[in-house]
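Asks: Read off the chains here:
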Amino acid sequence: MRALVVDDSRAMRKIISASLRKLGFEIVEAGDGAEALEVLKSGPLPDLATIDWNMPVMDGLTLVTNVRAAREYRSMTMMMVTTEAEHGQIVRALAAGAHEYLIKPFTTDALEEKLALLGLMPEVAGA
Amino acid sequence: MPLTTQAFDWVCSLVRKESAIVLEKGKEYLVESRLVPLARAAGAPDVSAFIEGVRVGHDRRKHMDIVEALTTNETSWFRDGAPFTAFSTSVLPELKQSRSTTRSLRVWSAACSTGQEVYSIAMLLKDSVVAEGWRAELLATDISSEVLEKGRKGCYSQLEMNRGLPANLLVRHFSRQGPQWQVNDDLRRMVTFQQMNLAMPFRGVGQFDVVFLRNVLIYFDVATKRDILTRVRQVLRPDGYLFLGGAETTLGVDDGWERTLIGRVSVHRPKNGGRS
Chain D
4 MRALVVDDSR AMRKIISASL RKLGFEIVEA GDGAEALEVL KSGPLPDLAT
54 IDWNMPVMDG LTLVTNVRAA REYRSMTMMM VTTEAEHGQI VRALAAGAHE
104 YLIKPFTTDA LEEKLALLGL MPEVAGA
Chain Y
-17 MPLTTQAFDW VCSLVRKESA IVLEKGKEYL VESRLVPLAR AAGAPDVSAF
33 IEGVRVGHDR RKHMDIVEAL TTNETSWFRD GAPFTAFSTS VLPELKQSRS
83 TTRSLRVWSA ACSTGQEVYS IAMLLKDSVV AEGWRAELLA TDISSEVLEK
133 GRKGCYSQLE MNRGLPANLL VRHFSRQGPQ WQVNDDLRRM VTFQQMNLAM
183 PFRGVGQFDV VFLRNVLIYF DVATKRDILT RVRQVLRPDG YLFLGGAETT
233 LGVDDGWERT LIGRVSVHRP KNGGRS
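Chains as they are written, first to last, in my numbering: chain D, 4 to 130; chain Y, -17 to 258.
Heads up, a few of these hints could be off.
Said to hold, decoys possible - Partner residues aside, some chain Y positions facing chain D, computed with beta carbon under 10 Å:
id, residue
1, Q140
2, M143
3, R145
4, R158
Unchecked claim - Some residues of chain D that are not near chain Y, with every Cβ distance over 10 Å (derived):
id, residue
5, R5
6, D35
7, L40
8, L48
9, T68
10, A72
11, R74
Derived from the structure by calculation, the hints contain no laboratory data.
Only a predicted model underlies this, so the values are computations on that prediction, with no experimental measurement involved.
Where a beta carbon is used, it is the ideal one built from N, C-alpha and C, also for glycine.
Throw the hints in and build the complete structure from the sequences for me.
Replies: In structure tokens:
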């Protein structure tokens, strides 16, 4: 599987990318929403995009809105990964088309559980 | 200083006596790591010294603090995913048919810890049968009064909220209260929290349609497991369902159950509709 990690913090991109690589994802990165759209135009469509909210040039919410409006990107799952933690912001992100929302800081377990909810991790079956 | 054998043995004996939970040799690390915060709070130089102080002090409250520290477990929303999918896609539709006259369901989360399991079930019921006018009652029990108090309050940190809770359920069922998230009142009203030691008789709990007894039997010896499973059958309706943890089974422990697979999840029902 392939994941696009969109965050203006290089350190945060590194953390998220490392966690996803361990789970078997191939990673592409972008430093803002506009760069992410360029990546989407130029390469194979990722299965997952993790998207920060506050970024220069184009913020995460605008990116989500743009991606959702493009039919060719419909199959890509989008998860906001952000420090923005107000109830209304989560509602706005979901309404714009984000599939999940993970609030920073987060643990690896939390990331994996979100991916399981999105069907991007093998679930643990109850015996 | 590492945990002394004498201190470990005394803690094992205390936990066994108070909760019937068996701490085997090799769990010294667990005892030490869980009791470090208590030892620090008490100003003891290390965990062994703390345990010795409690042992000679005969302070009942401190005994229970130790038991609680060793019987409290990490939990998350919709833990393991698949059992909750089985509950909402298979068990619930069947119960909706068989209970269509009474339009009422009772569910027991028997080792509820801080409440994430029982509120996960409550969210599923709220968005299905309760939305259709059914009555749903949930009992949440645990041996630890501390975790019950947290569950009753229904306040969770951001880190706890990140653990497996779908964002669409978060926005529907929780409100921000400063740095915490609070379960909405309509969901809290569905749940009763009550202290209970599963190794003791279940007094006055009534009958249930579904029992979640997940990831707790692993802590008991076989005789206690059998006793608990037998008593669970007595409070589960004959066509009810029991959910156990992924590493737990009724096989070879209590023959009064039959196992059914829902997808990859095993659910357990009283054999012969409870007539065995």
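Asks: Could you run down the list of hints and mark each one as holding or not?
Replies: Hint check results:
no. : hint : verdict
1   : Q140 : holds (5 Å)
2   : M143 : holds (7 Å)
3   : R145 : holds (5 Å)
4   : R158 : holds (5 Å)
5   : R5   : holds (23 Å)
6   : D35  : holds (23 Å)
7   : L40  : holds (23 Å)
8   : L48  : holds (23 Å)
9   : T68  : holds (17 Å)
10  : A72  : holds (20 Å)
11  : R74  : holds (23 Å)
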